[in-house]
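J.: Residue numbers (the working numbering), protein chains in the order written: chain A, 1 to 318; chain B, 319 to 690.
Treat each hint with caution, since some may be false.
Once the Cα atoms are required to be at most 20 angstroms apart in a straight line, the calculated DMTMM-like pairs of lysine to aspartate or glutamate come out as [said to hold, decoys possible]:
no.	chain 1	residue 1	chain 2	residue 2
1	A	K196	B	E686
2	B	K460	B	D449
3	A	K196	B	E640
4	A	K196	A	E182
5	A	K196	B	E677
Since the hints were derived computationally from the structure, they do not count as laboratory data.
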Amino acid sequence: MSEIGDAITGQIDRLLNDGNGPTRLRRLEAGEWLAETWTALEEQGLTLALVPEDAGGVGLSWADAVAIWQVLGRHGAPVPVAEAMLANALLASPVEGVLTLGASDAPFGRFAAHAVTEAGVRPVTGHTPGLNLAREPRDALRLGASLTAGGPSPRAMRLGLALLRAAQMAGAARHALNLAVEWANTRKQFGRPIGKFQAIQQSLALVAGEVAALESAVGIAARAVDARGLLDAGFEIACAKIIAGEAAELAASRVHQVFAAIGITEEHELHHFTRRLWSWRDEGGSERAWAAEIGAEAISRGGAALWADITSRDVRTA
Amino acid sequence: MRFDIPNLPEGTDALRANVRAFLAGYDWGPAVRARSWMGFDRGFSRELGKRGWIGMVWPKEYGGHERSGLERTVVLEELLAQGAPVGAHWIGDRQSGPLILRLGTEEQKRRILPGIAAGELAFCIGLSEPDSGSDLASLRTKAERTNEGWKINGRKIWTTFAHLSDYMIALVRTSPAPEGGSRHAGLSQFLVDLRTPGITIRPIKDMLGEESFNEVTFDDVLLPADALLGREGAGWEQATAELAFERSGPDRVLSSFPALSAGIDAVGPEAAVPIGRLVARLNTLRGMSLSVAGMLEQGQSPAREAALVKDVGNSFEQHLPEAIRALLEPEDTPPALRALLHDLVQLSPTFSLRGGTREILRGIIARELGLR
Ligand SMILES: Cc1cc2nc3c(=O)[nH]c(=O)nc-3n(C[C@H](O)[C@H](O)[C@H](O)COP(=O)(O)OP(=O)(O)OC[C@H]3O[C@@H](n4cnc5c(N)ncnc54)[C@H](O)[C@@H]3O)c2cc1C
Numbered sequence: 001m002s003e004i005g006d007a008i009t010g011q012i013d014r015l016l017n018d019g020n021g022p023t024r025l026r027r028l029e030a031g032e033w034l035a036e037t038w039t040a041l042e043e044q045g046l047t048l049a050l051v052p053e054d055a056g057g058v059g060l061s062w063a064d065a066v067a068i069w070q071v072l073g074r075h076g077a078p079v080p081v082a083e084a085m086l087a088n089a090l091l092a093s094p095v096e097g098v099l100t101l102g103a104s105d106a107p108f109g110r111f112a113a114h115a116v117t118e119a120g121v122r123p124v125t126g127h128t129p130g131l132n133l134a135r136e137p138r139d140a141l142r143l144g145a146s147l148t149a150g151g152p153s154p155r156a157m158r159l160g161l162a163l164l165r166a167a168q169m170a171g172a173a174r175h176a177l178n179l180a181v182e183w184a185n186t187r188k189q190f191g192r193p194i195g196k197f198q199a200i201q202q203s204l205a206l207v208a209g210e211v212a213a214l215e216s217a218v219g220i221a222a223r224a225v226d227a228r229g230l231l232d233a234g235f236e237i238a239c240a241k242i243i244a245g246e247a248a249e250l251a252a253s254r255v256h257q258v259f260a261a262i263g264i265t266e267e268h269e270l271h272h273f274t275r276r277l278w279s280w281r282d283e284g285g286s287e288r289a290w291a292a293e294i295g296a297e298a299i300s301r302g303g304a305a306l307w308a309d310i311t312s313r314d315v316r317t318a
Numbered sequence: 319m320r321f322d323i324p325n326l327p328e329g330t331d332a333l334r335a336n337v338r339a340f341l342a343g344y345d346w347g348p349a350v351r352a353r354s355w356m357g358f359d360r361g362f363s364r365e366l367g368k369r370g371w372i373g374m375v376w377p378k379e380y381g382g383h384e385r386s387g388l389e390r391t392v393v394l395e396e397l398l399a400q401g402a403p404v405g406a407h408w409i410g411d412r413q414s415g416p417l418i419l420r421l422g423t424e425e426q427k428r429r430i431l432p433g434i435a436a437g438e439l440a441f442c443i444g445l446s447e448p449d450s451g452s453d454l455a456s457l458r459t460k461a462e463r464t465n466e467g468w469k470i471n472g473r474k475i476w477t478t479f480a481h482l483s484d485y486m487i488a489l490v491r492t493s494p495a496p497e498g499g500s501r502h503a504g505l506s507q508f509l510v511d512l513r514t515p516g517i518t519i520r521p522i523k524d525m526l527g528e529e530s531f532n533e534v535t536f537d538d539v540l541l542p543a544d545a546l547l548g549r550e551g552a553g554w555e556q557a558t559a560e561l562a563f564e565r566s567g568p569d570r571v572l573s574s575f576p577a578l579s580a581g582i583d584a585v586g587p588e589a590a591v592p593i594g595r596l597v598a599r600l601n602t603l604r605g606m607s608l609s610v611a612g613m614l615e616q617g618q619s620p621a622r623e624a625a626l627v628k629d630v631g632n633s634f635e636q637h638l639p640e641a642i643r644a645l646l647e648p649e650d651t652p653p654a655l656r657a658l659l660h661d662l663v664q665l666s667p668t669f670s671l672r673g674g675t676r677e678i679l680r681g682i683i684a685r686e687l688g689l690r
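Construct the entire structure; sequences and hints are all you get.
T.: Given below as structure tokens:
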């Protein structure tokens, strides 16, 4: 990660670590637009983070971007700043304000001024509301004529969204694990913290392995995008989204088990993160869709090519 | 814990190609490929030694080649991906040699290391005992001082390749654990020449009907003073550091890889989803293993990271043959793949036992999480 990326990541973490995290997610899920959060993050330059410096952006790398997306994921991503960051990365020249991706199931589409589609940047003129299972807005948009001559390819948008969601899932899973560890050290039964029971320790250790694998997969994918661009990092992004989907199932079921009844209450913050894991795994291509893609490629190239293919994709960064 | 992927040095592409070209000259059957680093073939190890692919990172004066740890990792990866029979030098190259290099006397280094690097000297690990498995510190084999050196009595068990090896590095008790103090105190490591009188090596047949591990009995075995390896009483710390080498390599991810490459050729396009999932996991875990290699290369001691990668890696390599089997009816499985799966299914329970059990590794991870 770059120094500036590091600094921005730390800054966002501090900003969102204001003790209001769960309240924000509750307000969002009740239909509110968190204008002050959006503004605070926009002021950090996040929406232009991936835009090159000579185009007026911050010029961060994708490795920096996934670190930022993981931090946003750890806080439940209450505003679509990651989406705006990605959308601007895919455009020839960046757009100010709230941006969403696509015209159907558009993340936070109702709050966006513009949507980035294959046709280009289009003003949002109306919407039919929709929600994913985390009760995040996923709207069908009515859009005006494109303001630009064309936009990113559907493939680039899908790859970008897959990486974005995988990174956020790494953050959400890490946070859910942290919550579970804290709870295991606090909650007492049979006269001792439940974290002293080996069954709990072994279960959370398994989650820790999966979360570490997911974080690694996301890092590998970002490294590939930095080296070769989004379109030539399809394999690594697919791997990250597949591991994300698999880790989501394991992490969510295990952390809920540790919290037991309290964890499924509306009042507890855990479900904001597990429901996001269950939602985000379906967005930007499910693990099944990505596995079908890279599995078919592996089968058509043949078993003898598999190892050579994996090693030939090794990246050297400057 | 962070698992950043290191840059493989420039020269590794050519090195990888060299190893690959060399291995293309071998056509091992499924029985060899299923065993890989559990297969003992001194002739093959000597061939690797001649090419400078053992002891790669050690100083030249001890028979090494002063290559980087990541270059070594590339060679290991290639050997494992082909399922090459590397067991005769694996332990020496992976842990015994590095231990001797770090802690041995000048004489020990000169006597031993060139032989390992040449693929001539084979090592085994003397940790487990009949009553001391996971609870290793409870071990009872003991060494007493004599006028000339040491006298060892006791028994080691599950010692892989003891019956085929030249040396064992044994962890034994040299003084009683202090009353009320740590059981980790008073342990020491010895470099044991397995030809020494008083050592009885009895192979133990495993469920495949093969002899790969052993019971090794020490009956008044007299060792010279310079058989002590490292510091008297520091055996626990030394052995724990050795475990970091033992647990960190690509051999904790790739043990059953040949089942994936062979499986891919046997399944049809309808198997794309499960194959894709396996490939994604392989690529990710291989990256994590590289990352640990990168940490070692930078002089860090990633013992906990290695435990985590071993745990996720073992689960993958254990699951892999089952996952391939689930895609094919037995009668539609090509005979070579079927033989490979038969062996791997029987070998795979060991993956999460050897080098520290799954439960022990997860205990280490739980402690890292702050749960113990
Ligand atoms: C193929 C193979 C090769 C081997 N090669 C060698 C070798 O070369 N040299 C050598 O020294 N050893 C070797 N071993 C031995 C290996 O290190 C031990 O098998 C391992 O440490 C476990 O010890 P154990 O078999 O006595 O099982 P035990 O320690 O008796 O464990 C039995 C079960 O109880 C669980 N358990 C034990 N303690 C705990 C705990 N505190 N919490 C939760 N669960 C626990 C274990 O995880 C395991 O599931 C080899 C083993 C195998 C299978």
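J.: Now tell me, hint by hint, if it's right for this structure.
T.: For each hint, the structure was consulted:
Distance hint between K196(A) and E686(B) is fulfilled; the C-alpha atoms sit about 14 angstroms from each other, no more than 20 angstroms. As the CA atoms of K460(B) and D449(B) are separated by approximately 14 angstroms, the hinted pair is consistent with the 20 angstroms bound. Taken as a hint, the K196(A) and E640(B) pair is broken in the structure, with Cα atoms around 33 angstroms apart against an allowance of 20 angstroms. Only pairs whose Cα atoms come within 20 angstroms are accepted, and K196(A) paired with E182(A) is accepted, the gap being roughly 12 angstroms.
For a cut-off of 20 angstroms, the pair hint linking K196(A) to E677(B) stands: about 15 angstroms separates their Cα positions.
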